[in-house]
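Starting from the structure of chain A, add chain B where the hints point.
Protein chains in written order, with this note's numbering: chain A, 2 to 349; chain B, 2 to 349.
These aren't lab readings, by the way, just hints derived from the structure by calculation.
Here the structure is a predicted model, which means the values were calculated and not measured.
A few of these clues could be false.
[To be verified] Okay, the calculated bits of chain A under chain B, using three or more residues with CB under 8 Å as the criterion:
| # | stretch |
| --- | --- |
| 1 | 160-169 |
| 2 | 214-225 |
| 3 | 243-253 |
| 4 | 262-272 |
| 5 | 290-301 |
[Unchecked claim] Capping the alpha-carbon separation at 25 Å, the derived lysine-lysine pairs in DSS-like fashion look like this:
| # | chain 1 | residue 1 | chain 2 | residue 2 |
| --- | --- | --- | --- | --- |
| 6 | A | LYS300 | B | LYS164 |
| 7 | B | LYS172 | A | LYS296 |
| 8 | B | LYS15 | B | LYS346 |
| 9 | A | LYS172 | B | LYS301 |
Here a beta-carbon is modelled for each residue, glycine too, at the ideal position from N, C-alpha and C.
There are 2 protein chains.
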Amino acid sequence: MSGQDYLYINAIRKKKIERTPIWIMRQAGRYLPEYQAVRDKYDFITVCKTPELATEVTLQPIRRFGFDAAILFSDILVIPEALGQKLEFMENHGPKLSPQILNEKDVNRLSIEGLEEKLSYVADAVRLIRSGLDNRTPLIGFSGSPFTLATYMIEGKPTRNFKHIKTMMYKEPQRLIRLLQLLTEAVSRYLLMQINAGAQAIQIFDTWGGILPPHLYNQYSGRFMKQIVERLKISSVPITLFSKGGIELLWQLKDSNADMLGVDWMTDLADARQTVGGFAALQGNLDPTVLYGSKEIIKKEVENILQVFGRQSGHVFNLGHGILPDIPVDNVQFLVDTVREMSTKIHS
Amino acid sequence: MSGQDYLYINAIRKKKIERTPIWIMRQAGRYLPEYQAVRDKYDFITVCKTPELATEVTLQPIRRFGFDAAILFSDILVIPEALGQKLEFMENHGPKLSPQILNEKDVNRLSIEGLEEKLSYVADAVRLIRSGLDNRTPLIGFSGSPFTLATYMIEGKPTRNFKHIKTMMYKEPQRLIRLLQLLTEAVSRYLLMQINAGAQAIQIFDTWGGILPPHLYNQYSGRFMKQIVERLKISSVPITLFSKGGIELLWQLKDSNADMLGVDWMTDLADARQTVGGFAALQGNLDPTVLYGSKEIIKKEVENILQVFGRQSGHVFNLGHGILPDIPVDNVQFLVDTVREMSTKIHS
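Excised from the complex, chain A in its bound form (with noise of 0.2 Å):
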């Protein structure tokens, strides 16, 4: 089977499909027993650096559930630990990248040399999670955006004000841009890695680009990833470009070039589809938290969402953010259910 017919890839190419497909942002996960049996053997970071492991993982919901797309198991954060800073996760208290990058010397520190060589760990699990896939679900491979990846490397922890990286923003933009170019290059290198082991589609996660005022959006994030998607088009990977951050900054991406874009929880679909659904398919947006609901009430939000398309092409089904750890399992094999029934009426 080739690329051009599985079903994700179809929806995002707006060609003709029997139903919307599905995967879920996280869905290689805490909320799985199978994936907790793995974690209570191997730390995460273990997971993500060792090709089988990362394997299994990856192919734990699609097993489970059989998404349409299954997605790398890695962490955004394995490119700043291949451009030289330490890399730790601290349980229950997230990421820790050490040392923070604040001021000239710390950028300069950085290097992208043999970045390829450092990251070989991941273009080996894409291969063996393709072998894996046995060509009937297709492979998402992921980066972080630039400006996500510099607000992890210099608040180096955990923040709720951002306080670092607006600092040097409103202070020094211009060493700001310059670790953005540093990381733009990086992350282009690092998802053509993944693209040539054989990952079928890319996602750029840009999950701090709210963070940002629209006004400033473009200049920080949103062109530094346009920039990537030029970079990639050599390959003819669909892109998808997700930025949490509302119908302001999405309105900004609509001249990326993206094949798909990811829209949040916090965004109105209908909205989201009237204003950038002429430039690119849409993914998204069911609140996570509606997993926690009862049937009746995810079986109304799923229709929601899938009136917003009704037979038309160009929508991938997705939550509006990672899914939670702590979600019941038999909640998201319901979604699965719900959307395929009902979707499948729906494209009938």
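Relative to the frame of chain A, chain B by itself:
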């Protein structure tokens, strides 16, 4: 001097003004050394509940910066406390309300009886602040929105995913609605008490409105604020609704009859003016972290905001969220001076 001669109120009423008024959300707060000096001696809740102390800290930023409006020093969680929850402030861990409101019984246990009596220390503070302000600066009273208060009451403590309120909303929506109705009554009576005691304007903080998907915003937050606005219209004080959550929520407040809408810093002020500027005055919206920046960039960002209204009235300058505790006081002075000078020039 009568109410209609205040710069802040004239700007809301879209009357001719000689410059743009400015005040800052959380202007009485930890970034001020004189506030810290008070807090070294008294804990937060004692300051809220002692009219003399509340008055002192309310007046501090007026003395130092001559802001164009004072805002009552208090906390939005005094309402849940008056309704029967236990309120504690843990140093560096935020507020705690117990027991959480989760089931039907928890809702039934809340009692609105004697609300004004229990909160009479707030009315006392309003009277004392008014006499301290000596009619030179108007006093803004405030409350949290019903939805925002419900969020704190249900979660009990700071949260990232808002699991409990979302679970109630997606599982037992009628229970949440009942709680919101009770809070609408409580907030209305609380604000009328503040107005009767001398508050010359009102602001309702819908801090957590943005955790609602836009299609559920009116149902769980917007419509209850609108009900409160209607109730307060028996007085003539201007009412501001501040909902953090972007242009799509702002649009849903256009028919609220509020005199002013607060614009958060993640929303473009020019977009906001185009969208809802015909319905209400606008307040905002400098990114609070701009105050970590250089004077050159602070000036540029202020100019950006002031140019949106130009010589037109209908704008009150403010941050797009509360001021952060570690902002240099010098930068606040520079901001105030810049807004005054620049807007005086624009309006001359």
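Results of checking the hints against the structure:
1. Under a criterion of three residues with beta carbons nearer than 8 Å to beta carbons of chain B, the stated coverage of the stretch 160-169 of chain A is upheld, 5 such residues being counted.
2. For the stretch 214-225 of chain A, the proposed coverage by chain B is satisfied: 3 residues have a C-beta within less than 8 Å of a C-beta in that chain, meeting the threshold of three.
3. Only when three residues or more bring their CB closer than 8 Å to a CB of chain B does the claim for the stretch 243-253 of chain A stand; here the count is 4, and the claim holds.
4. Counting residues of the stretch 262-272 of chain A whose beta carbon lies closer than 8 Å to any beta carbon of chain B gives 5, which meets the minimum of three for the stated coverage.
5. Counting residues of the stretch 290-301 of chain A whose beta carbon lies closer than 8 Å to any beta carbon of chain B gives 7, which meets the minimum of three for the stated coverage.
6. Proposed proximity of LYS300/A and LYS164/B is supported: the alpha carbons are some 19 Å apart, at most 25 Å.
7. At roughly 9 Å between alpha-carbon atoms, LYS172/B and LYS296/A fall within 25 Å of each other, so this suggested pair holds.
8. As the CA atoms of LYS15/B and LYS346/B are separated by approximately 18 Å, the hinted pair is consistent with the 25 Å bound.
9. Of the pairs offered as hints, the one joining LYS172/A and LYS301/B holds, with about 12 Å between alpha carbons and a cut-off of 25 Å not exceeded.
Of the numbered hints stated above, none is contradicted by the structure.
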